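Novice: If you want the building blocks of each chain, they are given just below.
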Amino acid sequence: MPIMKALASSVAVRRWAYNLSGFNRYGLHHDDVLQENDDVKEALRRLPAHKVDERSFRIIRAMQLSLQKIELPKEQWTKFEEDDRYLKPYLEAVIKEREEKEYWEKNYY
Amino acid sequence: MSMSTLKAPVMNNIAKRCYASKAAATTLSIKGPQVQTKKLANNSLVVAVPDYPTKIGRVSVTFLAGSRYEDPENSGISHLVRSSAGLSTESSSTFSIVRNLGHLGANYYATSDRETVTYTIEAHKDNLISGLKYYIESISNQTFKPWELSDNLKRVEYELLTLSPEQRVLDLAHKAAYRHALGNTVFLPKYNIKKLGTEHLLYYVKKNFNNQNAVISSVGVDMDTLVHVSEDLNLPNGEANCSPKSKYFGGDLRKSKPLDMTYLAVVGEGVSYKDSQSASFAVLQYLLGKGSSVKWGVGQGVLEQNILKSNCSDNFAVSAVNYNYSDSGLFGFLLAYNGKDVSTVLKPAVQSLRSPTVTETEVNRAKSQLILSLVSASESSAGVQENITYQAATTGQVIPFEKLIAAVEAVTVEDVKKAAGKVAGSKLSLAAYGNVATTPYLDNL
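If you're matching them up, the sequences are chains C and U in order. Heads up, the first sequence is in the numbering used here, so the first residue is 1 and it goes up one at a time. Heads up, the second sequence is in the numbering used here, so the first residue is 1001 and it goes up one at a time.
It is worth saying that the hints were derived from the structure and are not from the lab. All figures in this text were calculated on a predicted structure; none of them were measured in a lab. Among the clues, some could well be false.
Said to hold, decoys possible - Across the chosen pairs, the derived CB separations fall in these ranges:
#1 Asn1234/U / Met63/C: 45 to 55 Å
#2 Asp1071/U / Glu71/C: 49 to 59 Å
#3 Gly1238/U / Lys106/C: 40 to 50 Å
#4 Pro1400/U / Lys41/C: 50 to 60 Å
Note that beta-carbon positions come from the ideal geometry of N, C-alpha and C, so glycine has one too.
Chain U on its own, in the form it takes in the complex (with noise of 0.2 Å):
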């Protein structure tokens, strides 16, 4: 059983180094698995891809449940109630649960973002019916006992420990930039590690895990499990999730640290996952660049060679962010410098970031990675889970595969242009972490 931070959605873009290689510019003949996509009766979606060639099957239950929608006061308590999955439930004990599991040669984890709280189950398809008796208690049957995260506690601190600067300073760029909402912090405050409960626990588990919010998905697992996974949960109707329309104010936060780096996130209001225009925004991340395609080479992006032509000497590192969430998005760049003066690379780069060149070579160049990354991400099931769950909990749809790279491939010089407008035209949100002294304000950049 594995509960780890970095399968938060947060880091995969800084932390996936794409290594492409020449793609063919022709259209792709590119099938995708067959999606399946139900609304039951009981009003929790379920999504499937039961024809998916593995051996492995997966089950994730998601609930609409993650910081976007915590109070003021129970700020992180979503991160604990993901660090507490397993714990032990009204009738099986935390023992039960996880040697049963183990026993079965299954992988029990959770994950959690802004907007949903993940459980998945994988295992052969021959043991994970098996498993699933204990995987459905562990959600639905949760009881927080106090002595059981009392003991949990040295766990959550040493995650808020290993938590890497990249992921405080994005954490920082989203409080900037929307303030409430989308705007919580998604890792536990200090301040609350002792002070949230088994009340509160219990409090946000019932007001949130109901089939309302409930999306189950699924690859190498047919419809029909999954139905009777949802009848097995038993979840209580309650009402649907209503987080407040996250609205894009921007801003200025930093935090300083003792770190000889500076870490730097400059984003400006992107769009949402079901906007038209997502497609032209994931492109223009990849002209910007997304690092280095090449190992221990220079990024072809946009950001990166123009930071290189204003002669920098120090070490730097740059990466284009696009976040798409269900009602809105952030796009910027995230930015690691341990110079003296971080304003030499921040001011091209933020340059580029507002008035980006878009030629045609580069739009293409862009295309072509973004569609590897896409197809490199459907070979494997753990990805076509992943973005499937996040599609159906964020849209309430999946859209095929093929259309997903018709998207991509319909998009012109003009639409990455609109795209890179867009973002120069909202108010820039600039978060700060570390070596904070030569960071510029808002107003100077």
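Just chain C, with the same shape it has in the complex (with noise of 0.2 Å):
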């Protein structure tokens, strides 16, 4: 499907479905809404803890506004230039160090 590739690689497709889905009206970042599995709660826990707590602030704040039935004024809104995927880095340290056990599990045993 070499045109949904393309669709998908396209900064414009990919910053009008970040908007569509909604999370960043509540301030929160991509990683912050990740299905908390076993590699994302590794990942957590090495994260520094300045970037810990300032998800736990975004996710707090969120669930505030959820609680209100509000979202935060436009201007603060997260946007698709300005959310960092902070924990992606780890997660893959953490995915690839999780497929090595497997690979031997898999091969030594």
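Reassemble the complex: the two chains are provided individually, in unrelated frames, and hints are given to aid placement.
Specialist: Following this line, the structure appears as structure tokens:
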């Protein structure tokens, strides 16, 4: 599906999809709304403390907003360009390590 | 992979009881293994004993990065460096290092003492080469990831809790004797456990792990392999480590602990490893006694006999200690006692340290015990490896085994008396650990 691929790699389309997803209206970042599976939990454990604090603040604020059925003022929404994917390097390392373990267990036991 | 404090040479002198039988008094025709030494173009020192009759190959990489090179701020960091051996590197995870080495049946461990930090791998010769890849990676590309360090802390704490009082008291004795440099503690102090992190470790390793400070040694592995190891390590060309020359001060340190026993170390100034008197000091150590040579027996050493003569009814154990470092040394004894008044055993022990009875028979007995311990250490390839590594790291050269034995045999009664005189002439240091209530102070001895 080369058309889908081209669409997915286009910045404009990605920005459109990002704004459509809606979590940015609560001031959340992409990595704040990941499913907390074991990999993410491990990555969060490795994340420097101040980044974890920032994340917690955003989540708590979002829950408060959701409870009050309101959104942040539009100038405070997270912009597509400002979303930093802070968990990505840690998560990738965790997944790589897990896959390495699985490979070992498959091939050497 | 094992990283145990017991590997530190501090322990060897106490832990090894020597069961010496009657050694031949005539000149022994002992031939040691052939040692090859080479200074590489990148300034690393390489020492190999390729022809040792063994199926196991051992390779050590030693850095002059022991506790004497620490600053007051990062006290105990060499302990943490040792304890962090095998953690994830830039390109391999802990898991892959441990599993791959384990799969090859290799043994990888790190040891450290006051002068050095050593990484050793041992494996069957067929497997050693494939294991070296992980070994080299884990030495030269350490990253000390913060979460791995904090996972490791529990083990470090456990290690500190299992330290024996003997180790603690000898550490205190070094502190009392040297104050700084060689007086730095080899164990991570409690206040630094949480304080020292990734940045500290990376800085320390970057500063000290370079070609000038490296000694690569092996038993059962040829020189060419070691040259390749040195190339693959790809260490930076830093500056040679210069710690301030160790000056002997002497002093009094004690630590009260809720123990029934009193542990005492009394030491005077000894000699460095390369000093011409070092053989006499080694003989003097055996003359004073390193515990019993016969199981359940009483030691023949002058120290023990002298204490027994004073009709002490309580339990005690005593052993002479002799430490030789690159620029200084300590000589004295270690005493454990569980009676009421420690001075009843301490007084005769100090008296025999200051003026031991040095007779021809005693010197001969000491010499044959020392030769036996040297020979038995050379029987195992691990012993040879440890010996050449330590010699190369502290003196920059390795004395052939035959010469060591010859030096011991050449020691005369006069030499031993001179050595004893030197210890008696220096200001003593006293360290006490455990139940220190009745321990006399230095000026009352």
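Novice: Against each hint, give a clear statement of whether it holds in the structure.
Specialist: Checked hints:
no., hint, verdict
1, Asn1234/U / Met63/C: 45 to 55 Å, "holds (51 Å)"
2, Asp1071/U / Glu71/C: 49 to 59 Å, "holds (54 Å)"
3, Gly1238/U / Lys106/C: 40 to 50 Å, "holds (43 Å)"
4, Pro1400/U / Lys41/C: 50 to 60 Å, "holds (59 Å)"
Hint check: no violations occur; every hint is consistent with the structure.
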